[in-house]
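Each chain, letter by letter, is given below.
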Amino acid sequence: MVDLTTNYLGLTLKNPLVASASPLSQKIEIVRQLEDAGVSAVVMYSLFEEQIIADSLRLHRDLSQGTDSFAEAMTYLPDLTAYSDLRQYNIGPEVYVENLYNLKRAVEIPVIGSLNGITNGGWIEYAHKIQEAGADALELNIYNLPTDPEMTSSALEDRYIDLVRSIRASIKIPIAVKLSPFFTALPNFAKRLTEAGVNGLVLFNRFYQPDFDLDELEVVPRLVLSSSQELRLPLRWIAILYGRIPVDFALTSGIHTPEDIIKATMAGASACMMASTLLKYGIGHAAELLAGIQSWMEVNEYESITQMKGSMSQQAVAEPAAFERANYIKVLSSFDFRYTP
Amino acid sequence: MKRPIITVEGNEAVALVAHRINEVIAIYPITPSSSMGEYADAWSAVGKKNIWGTVPLVVELQSEGGAAGAVHGALQTGALTTTFTASQGLLLMIPNMFKIAGELTSTIFHVSARTLATHALSIFGDHSDVMATRSTGFALLASSSVQEAHDLALIGQAATLEARIPFLHFFDGFRTSSEVNKIEQLTDDDLRAMIDEKLVHAHRARGLSPDHPYIRGTAQNPDVFFQARETINKYYEACPQIVERAMQKFGKLVGRDYHLFDYTGAPDAEKVIIIMGSGAETTQETVKFLEARGEKVGVVTVHLYRPFSVEHFVKALPASVKVLAVMDRTKEPGATGEPLYMDTVTAIQEALDKGIAPFEKSPKIIGGRYGLSSKEFTPAMVKGIFDEMGKASPRKHFTVGINDDVTMTSIAYDPTFSVETADTVRCVFFGLGADGTVGANKNSIKIIGEETPNYAQGYFVYDSKKSGGITISHLRFGPRPIHAPYLVSDANFVACHQFNFLERYDVLKYASPGAVFLLNSSAGPDEVWDMLPQEVQKTIIEKKLRFFVIDGYKVAEDTGMGRRINTIMQTCFFAISGILPRDEAIKSIKYTIKKTYGKRGEAVVKRNYEAVDQTLANLFEVKVPDKVTSKLTVHPPVSAQAPVFVREVLGEIIAGRGDDLPVSAFPVDGTFPSATARWERRNIALEIPVWEPEVCIQCGKCVFVCPHAVIREKIYDPSLLKKAPASFLSTPARWKEFSDQKYTLAVSPEDCTGCGLCVEVCPAKDKTQVGRKAINMTEQPPIRERENANWDFFVTLPEIDRTKINVGQIKDASLLEPLFEFSGACAGCGETPYLKLLTQLFGDRTIVANATGCSSIYGANLPTTPWATNHDGRGPAWANSLFEDNAEFGLGFRLTIDKHLEYARELLPQLSKKIGETLVDELLTADQSTETGILAQRKRVQLLKERLAGVNDAKARDLLSIADELVKKSVWIVGGDGWAYDIGYGGLDHVLALGRNVNLLVLDTEVYSNTGGQASKSTPRAAVAKFAAQGKGLPKKDLGMIAMAYGYVYVARVAFGANDQQTLRAFLEADAYDGPSIIIAYSHCIAHGYDLIKGLEQQKLAVQSGFWPLYRFNPALSAQGKNPLSIDSKEPTIPFEEYAYNETRYRMLLQSDEQRAEALMKLAKKDVQSRWALYQQMAAMHYDGGNDAKE
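These protein sequences, in sequence, are chains Y and L. Residue 1 is where the first sequence starts when you use our numbering, and the numbers rise one by one after that. Residue 1 is where the second sequence starts when you use our numbering, and the numbers rise one by one after that.
Hint data in this document are derived by calculation from the structure and do not stem from the laboratory. Everything numeric in this text was worked out from a predicted model, so none of it was measured. Each residue gets a CB set at the ideal place from its N, CA and C atoms; glycine is no exception. Take the hints with a grain of salt, since some may be wrong.
Said to hold, decoys possible - For lysine-lysine, the following DSS-like pairs were computed, each having C-alpha atoms within a straight-line distance of at most 30 Å:
| no. | chain 1 | residue 1 | chain 2 | residue 2 |
| --- | --- | --- | --- | --- |
| 1 | L | K606 | L | K595 |
| 2 | L | K899 | L | K1190 |
| 3 | L | K1094 | L | K1122 |
| 4 | L | K955 | Y | K280 |
| 5 | L | K296 | L | K234 |
| 6 | L | K364 | Y | K27 |
| 7 | L | K1190 | L | K1122 |
| 8 | Y | K280 | L | K1130 |
| 9 | L | K945 | L | K913 |
| 10 | L | K606 | Y | K280 |
| 11 | L | K623 | L | K509 |
| 12 | Y | K280 | L | K1162 |
| 13 | L | K631 | L | K590 |
| 14 | Y | K27 | L | K945 |
| 15 | L | K198 | Y | K172 |
| 16 | Y | K172 | Y | K14 |
| 17 | L | K2 | L | K594 |
| 18 | L | K1165 | Y | K27 |
| 19 | L | K955 | L | K968 |
| 20 | Y | K104 | L | K913 |
| 21 | L | K587 | L | K538 |
| 22 | L | K1094 | L | K1190 |
| 23 | L | K2 | L | K249 |
To be verified - Simulated restraints, written as ranges between beta carbons of each label pair:
| no. | chain 1 | residue 1 | chain 2 | residue 2 | range |
| --- | --- | --- | --- | --- | --- |
| 24 | L | D717 | Y | F207 | 30 to 38 Å |
| 25 | Y | E150 | L | T796 | 46 to 54 Å |
| 26 | Y | E150 | L | G658 | 36 to 44 Å |
| 27 | L | T768 | Y | Q26 | 41 to 49 Å |
| 28 | Y | A316 | L | G562 | 51 to 59 Å |
| 29 | L | R582 | Y | L223 | 31 to 39 Å |
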């Protein structure tokens, strides 16, 4: 029997398969099913400060619209919270925190909170609340799209580092940072994050990329579920960073098959996070993946995940330069080279 | 237990008692009583219990008639039951009220007394509704103030249980129902102490039950009915004493003493006024003031008006009285006097006859009318009445408060007379509806009333417009209870929250000498002076006002508050007025912000806090110069070019001087000229659309969707451009048939509301910069004058020749002149584009019956009317009868037209020798199915009239009087879903069934929009609405399906934002169909809870989700053996929630009760699917002929 256990953020996980932040974690029932299917930990859906603010302002706008303007209609919608101290709108971190609290009590597997803030105050306040609710760790999504030409990469990185430091100083649970691939000098930034107290890095965040609707000449959001093709980018970077930066790595984006998980682990990932594949094939797919890993390890005579972890990182492979080849010509030539008789 | 001190409006004060001492509450919305039902419904929704520990059952009915029926039934089965209503709603209850009283059933109805519609509708207060119930047998109990309304609601309930006579408890609509005042709240223990448990059980025991059955409601014959009717007399004899005892018990318990008739004034008064309602409070305060000056005056406040106790009444009068003035807040034309006057005359005579009067000789008795439709009733008027009473021959039936220069009923008074005391601080705030001024003032009153020992009062006056309306808040506060139910006239503090009001209204007329004037101004303390009109400068100097400015909009912008300057101006008010120490005031403001908005999320609270914090640094006192320097003057309300009536009457109303207009200024029968809205340029848009001719594709969509008809297009001869202003834009017309003509798209800058729907719908985008469309919103003030000149020129260009275009396509139909323009509807209204289309297509031959509701208010609320006329003077003729009878009312139009047409067609052959056989033949056989055909018939009718003009023959004269009916007329019966689905449904169904050629247009907003969004049977499942505060649990009624069942009714379901062409087609087919038609029109609405700029998008999503399938059911097709049902929208492509959750009416349930929201959403989705499947099957059915509209 192969040993699938792994350590991530100081947590012992029964296997590397972790459900990443997605709508799947909105219902306790679904998380229970994930647990039953063998998933070793769950990252809660993200608490978006921006969303909280937007929801709050929108509700306020809609409830205020047209009020106290016309003699026959002082208001246009019934605001039940005005009639009872017990009534609340589910706006604000409270609902998230309550869901996390309930989830923690409903499942055995570790629950990692996920936070996407926009103000310093919001980050710290919400991080606290997530810790109080019993989260085993906290995953931070700190990426904002920089559009201001005056904003330099170093200034932006400094801001992220300061933020992480403040959060680190205010909570005790392990912290992971989910990064985007768009950093000029990723290893350096990863190093600085580690120095600021981060326990893990999650590579990489996937973003909704806008699309153009040519009939309407409009920019439209488009959500595309990930594919195995997307595995390669995080795979490369985890392989490069593993052993150089003393943190745990989680790979997210593009985990779809048992082989993807094996690859991620060999690159150095302690955990493999997935959402798209579970959304696409159903929760039961997790069990199939686990069976697949097990079978592969047995066939290939691996004893444990620990044995496998980082075995194909840059430092461990015979040709480290393979990870540094970046342009198309070289890929083609290597392809040609392999198949030249 | 200490009683809580609360600061509430009258309606809440009443509902706070009624909800706690009833088991069943049957409701229906009607202004100004609606909020009593809303409180009751919401309290029950959140589980608030009555004094017996159970949550009252609150049920909305389809009408007040329905509510009364339900009340009657619930009472007859033993439940403690109540209802709330007013005005026409109360009239609809009258049939049941006779029954309830005849059966000696204990109940108390709470009525915020409101004017009955006569020559006009009025939502405001007087006693005409209550007086119409005098013969029902209900006891009539009157309250004069917010505290009294709270107290008498309980006293009435206690009394009715003992007396068995049902009670109608009334208080003045708006003046008391909406006044916010500081009162002492009765506790549950107070209520329990007053309500006798045994009487409650006796009431229950009288209820119908098969366990002890009996029969009630027999039919009786001449032999016994009379005697049986007289059995109740002893109950009416006992009732006054029972009420008096309840009042005594209440007095001992609570410490506030009431009597059936309360006397205030000098013990030796010679002049006494008899009055009830809020006017009594004004009179009492005036009497106290005059008595202190040694005048022998008094007032009797009537509480129990019916049963009228002569004994108690005369006991209340001082023996010294020589003149009585009886004041009625109602009018009974043709009577010998108004009701209270007549009762007084009778009572005095009977008391003298019985020898129970305190005097031996009858005092002189005069009667007066006051305060109709909330007309102000002030201490000055009271003084005027006393002065009149002092005359040797005082007028017998006078009016006060108006200038009756026709029948000379009005008495004079000195408007400067005041009884206000120096320790009462008086404030007036001018705000814009959307800026939150009223809400902030309501909070200020709460702060002052509940956080300080001061008493506080607030009353709010609103505009009749739904968009960009003005609000005037009247606040008083001081160390003593405030009994002043009339507007502030000499304020210590005047705030103007909109700079441009200074150009339109005499804001500073409210300021007393030395008062503070606070102005929201983008100009700072050093610049603002020169921007004020001369009149304003002069008043500031003469009255020695302290003048402060703040740039509220800048602070709001900086702190993310948008256009809401409420908390900013509120902070200024507290900072300047010094009612509380600044720090304490700011603490209280923040506390109130947290309390009011906290549950909507921290972000809202934080932004408001931020605004408060930044305010004081931006508040400046202006050093007032001692000279008038401005070159600006106050704008005249309407153009000098306007017709005389518009200038002299409507213009005065626009300027806020309607109170000064004399009786002679008004038409005698409520008839007003059409097309007057065009003179009321309201100038409320901050941004307006500006046309880019080179991007424009001339599709007409912007013109089609504009709710206010402010964006229009014309095609004209290029030679006409010679007189155009230099800035006037034009481009070659993109029509094959008009290729040599010019085209212009124009905007009326001062009529536009800035809703932005036109820009949203514009499909043309600049190829080099897609964000730029053919029209783009642009800041209005810098281009206002230029665009005014362009618009003024544009309107001089000729309208399109209707016979030369294809009205069946949007591009052409948009060229037609709209005859519904510049209404007071909400910016971005989803109803008005349909009405405008109707007038474009058929306006010059249309007659409209309009149900009461939003469309009747924005369609005909003075000062001006949006229904317009064309250059021939033709246009829609419009009338509003009531809410419930609109279909029948419109049917009446059709019956007249049909009869007159029939008669005209009978007369034509009889007069053919005089008219000419060819003309007669042509008139009788004319094809009027096209614009060309109609035009030809008009010409024939003109010729007919000319030929008949000189004929001296009775039949010829008759034919001349009805000749216009020979031109096809289109009858449109218009209303909202409250009318069509609920209150008017019975009539609507019958009118459809009759098969006559009428067109019904249902402007379906899925709630009672005009009264603030109460649920109707059109409200969809899973949506939240008032009276369905927990989300409507049952699906929307399928009115179209019901209408289709007749087989001979044309039915269309349309949504102009989703498919404008289908909408257009439906209107044309409905008009063309010679039988009944009904169009159910999706109307996005402010009550749906989203920014209406997205209204068109939501319409699309409603259709795409299958929630609002588009279809036309045309019985004309069935005659051809075809299936009459065509489904015009595609199979659902998006889930229902993708549409629904864009709207707060659905989303707020998700945010407050996720589980219920999800359960209801699941069912709602099923509703959508099953309805779609059903329609599909119907449309696919083999159809073998159908029912025919004709016999």
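How the hints compare with the structure:
no.	hint	in the structure
1	K606/L with K595/L	holds, 13 Å
2	K899/L with K1190/L	holds, 16 Å
3	K1094/L with K1122/L	violated, 38 Å
4	K955/L with K280/Y	violated, 83 Å
5	K296/L with K234/L	violated, 38 Å
6	K364/L with K27/Y	violated, 80 Å
7	K1190/L with K1122/L	holds, 18 Å
8	K280/Y with K1130/L	holds, 28 Å
9	K945/L with K913/L	holds, 14 Å
10	K606/L with K280/Y	violated, 41 Å
11	K623/L with K509/L	holds, 21 Å
12	K280/Y with K1162/L	holds, 22 Å
13	K631/L with K590/L	violated, 42 Å
14	K27/Y with K945/L	violated, 78 Å
15	K198/L with K172/Y	violated, 65 Å
16	K172/Y with K14/Y	holds, 23 Å
17	K2/L with K594/L	holds, 26 Å
18	K1165/L with K27/Y	holds, 21 Å
19	K955/L with K968/L	holds, 22 Å
20	K104/Y with K913/L	violated, 98 Å
21	K587/L with K538/L	violated, 37 Å
22	K1094/L with K1190/L	violated, 43 Å
23	K2/L with K249/L	holds, 18 Å
24	D717/L with F207/Y: 30 to 38 Å	violated, 57 Å
25	E150/Y with T796/L: 46 to 54 Å	holds, 53 Å
26	E150/Y with G658/L: 36 to 44 Å	violated, 58 Å
27	T768/L with Q26/Y: 41 to 49 Å	holds, 44 Å
28	A316/Y with G562/L: 51 to 59 Å	holds, 58 Å
29	R582/L with L223/Y: 31 to 39 Å	violated, 52 Å
The structure does not agree with the numbered hints 3, 4, 5, 6, 10, 13, 14, 15, 20, 21, 22, 24, 26, 29 stated previously, though it agrees with the rest.
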